[in-house]
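Sequence order for the protein chains is A and B. So our numbering is basically just the index in the first sequence, starting at one, shifted up by 26. So our numbering is basically just the index in the second sequence, starting at one, shifted up by 26.
Don't read these hints as lab results, they were simulated from the structure. Be careful, since some hints might not be right.
[What the hints assert, rightly or not] In silico DSS-like pairs for lysine-lysine, Cα to Cα no more than 30 Å straight-line:
no.	chain 1	residue 1	chain 2	residue 2
1	A	Lys91	A	Lys41
2	B	Lys61	B	Lys91
3	B	Lys121	A	Lys121
4	A	Lys48	B	Lys61
5	B	Lys101	B	Lys91
6	B	Lys91	A	Lys117
7	A	Lys61	A	Lys48
8	B	Lys101	B	Lys117
9	B	Lys48	A	Lys41
10	B	Lys61	A	Lys101
11	A	Lys61	B	Lys91
12	B	Lys101	A	Lys61
13	B	Lys121	A	Lys91
14	A	Lys101	A	Lys91
15	A	Lys91	A	Lys61
16	A	Lys101	A	Lys41
17	A	Lys41	B	Lys121
18	B	Lys48	B	Lys91
19	B	Lys91	A	Lys91
20	A	Lys101	B	Lys117
21	B	Lys101	A	Lys117
22	B	Lys48	A	Lys101
23	A	Lys91	B	Lys117
24	B	Lys91	A	Lys101
25	B	Lys41	B	Lys101
26	B	Lys41	A	Lys41
27	A	Lys121	B	Lys117
28	B	Lys101	A	Lys41
29	A	Lys91	A	Lys117
30	A	Lys41	A	Lys61
31	B	Lys41	B	Lys91
32	A	Lys121	B	Lys101
33	B	Lys91	A	Lys121
34	A	Lys117	B	Lys41
35	A	Lys41	B	Lys61
36	A	Lys117	B	Lys121
Residue strings, one per chain:
2 protein chains.
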Amino acid sequence: MKPGPLDRLIHVLSKLPGIGEKTATRLSFFLLRSKTGLSEELAQALLDVSREMRLCETCCNVASKSPCDFCLDTKRDRATLCVVAQPQDLKAVEKSGVFHGHYHILHGLLSPLDGIGPEDLRIAELVQRLHSGEIREVVLAVSANIEGDTTALYLGRVLQDYPVRVTRLGQGLPAGGELEYLDSFTVGRAFESRREL
Amino acid sequence: MKPGPLDRLIHVLSKLPGIGEKTATRLSFFLLRSKTGLSEELAQALLDVSREMRLCETCCNVASKSPCDFCLDTKRDRATLCVVAQPQDLKAVEKSGVFHGHYHILHGLLSPLDGIGPEDLRIAELVQRLHSGEIREVVLAVSANIEGDTTALYLGRVLQDYPVRVTRLGQGLPAGGELEYLDSFTVGRAFESRREL
């Protein structure tokens with residue numbers, strides 16, 4: 027028997043990260059059973075994303091237009107620039123509601139072991155933006171892991187030639203983090219970054 | 027900022043079972059980044075399923091044509107009929123490779139608590155098939171839970187008026203099941219269904 031539409035859907039779904047054949051089968055049958063046109067809705071959303079999304083030429087974010095809404099927003103502070111690895115990191119920062127400046131997306135972090143060097147990231151575009159002279163502070167909002175540390179170190183060196191303050195997100199105990207259950211590396215970093223009451 | 031194509035995709039994906047906003051976001055960005063046209067491929071597979079899949083009028087399986095390939099397959103034994111709750115159960119039975127007869131899909135199991143009665147299942151269609159007189163055995167391949175037990179009991183009564191042997195899948199230790207780790211209900215059932223060596 028040749029594979030039918032259902033087998034093809036299961037096959038395509040199981041190409042997604044974290045979705046194996048069993049989950050793909052469960053999702054496919056759910057989509058098949060749903061009477062509200064969920065399959066068509068999802069198909070349309072996928073086509074829209076693939077047709078409409080591009081990179082913003084300024085901040086390198088994925089957006090439906092270039093410059094993107096973030097770059098066009100005149101209410102945002104043009105003097106601070108938050109550098110993140112991925113578009114989803116921008117979403118995480120936005121959700122926190124504490125940052126009101128502009129963004130720059132690197133599309134990755136330096137990782138020599140994976141063969142990802144500076145030329146693979148949007149670092150040239152970042153440096154280009156500093157030439158305007160408007161930017162006073164660059165906040166490196168990169169993860170607290172080896173790749174994040176490497177990238178922060180590298181960017182710190184590259185940006186020292188420019189008259190900007192370069193900062194990195196603080197490290198320490200996460201909100202609600204109980205000492206008893208945290209890893210020793212986090213506790214160590216929290217000790218190093220302790221502050222006066 | 028109004029929701030863009032990416033937010034819409036995240037929203038639709040998070041309607042799927044077991045997929046929350048975080049997973050939907052991760053999947054969306056994966057689809058966005060994939061350069062092989064995975065979004066279009068998935069969209070096409072979804073549209074194909076929604077356009078082409080229907081219920082087989084004979085066995086009530088979801089298929090791209092009616093009668094379906096299983097019902098048309100002349101190599102399959104017309105004298106045995108395997109009754110399953112869902113199309114995915116048919117897949118599980120097929121994978122085991124031990125059954126070579128025909129199938130009937132109930133599209134659910136009796137569950138008085140959830141308000142699912144005999145009229146909600148494809149039982150009338152099952153009884154109709156017995157009128158041909160070809161079928162000698164009906165194997166109830168339903169799960170070993172309350173709903174499966176209820177459905178098997180009910181079908182056993184309905185089918186006793188017909189000259190067919192009605193059987194149910196054996197219950198006992200699963201393959202590789204270690205006594206030490208199995209629940210007592212399974213061990214109890216295995217004892218009841220013990221056989222001579």
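Report task. Would you pick out the hints that fail for this structure and give their numbers low to high? Result -> Violated hints: 2, 3, 6, 10, 12, 13, 15, 16, 18, 19, 20, 21, 23, 24, 25, 27, 28, 32, 33, 36; rest satisfied.
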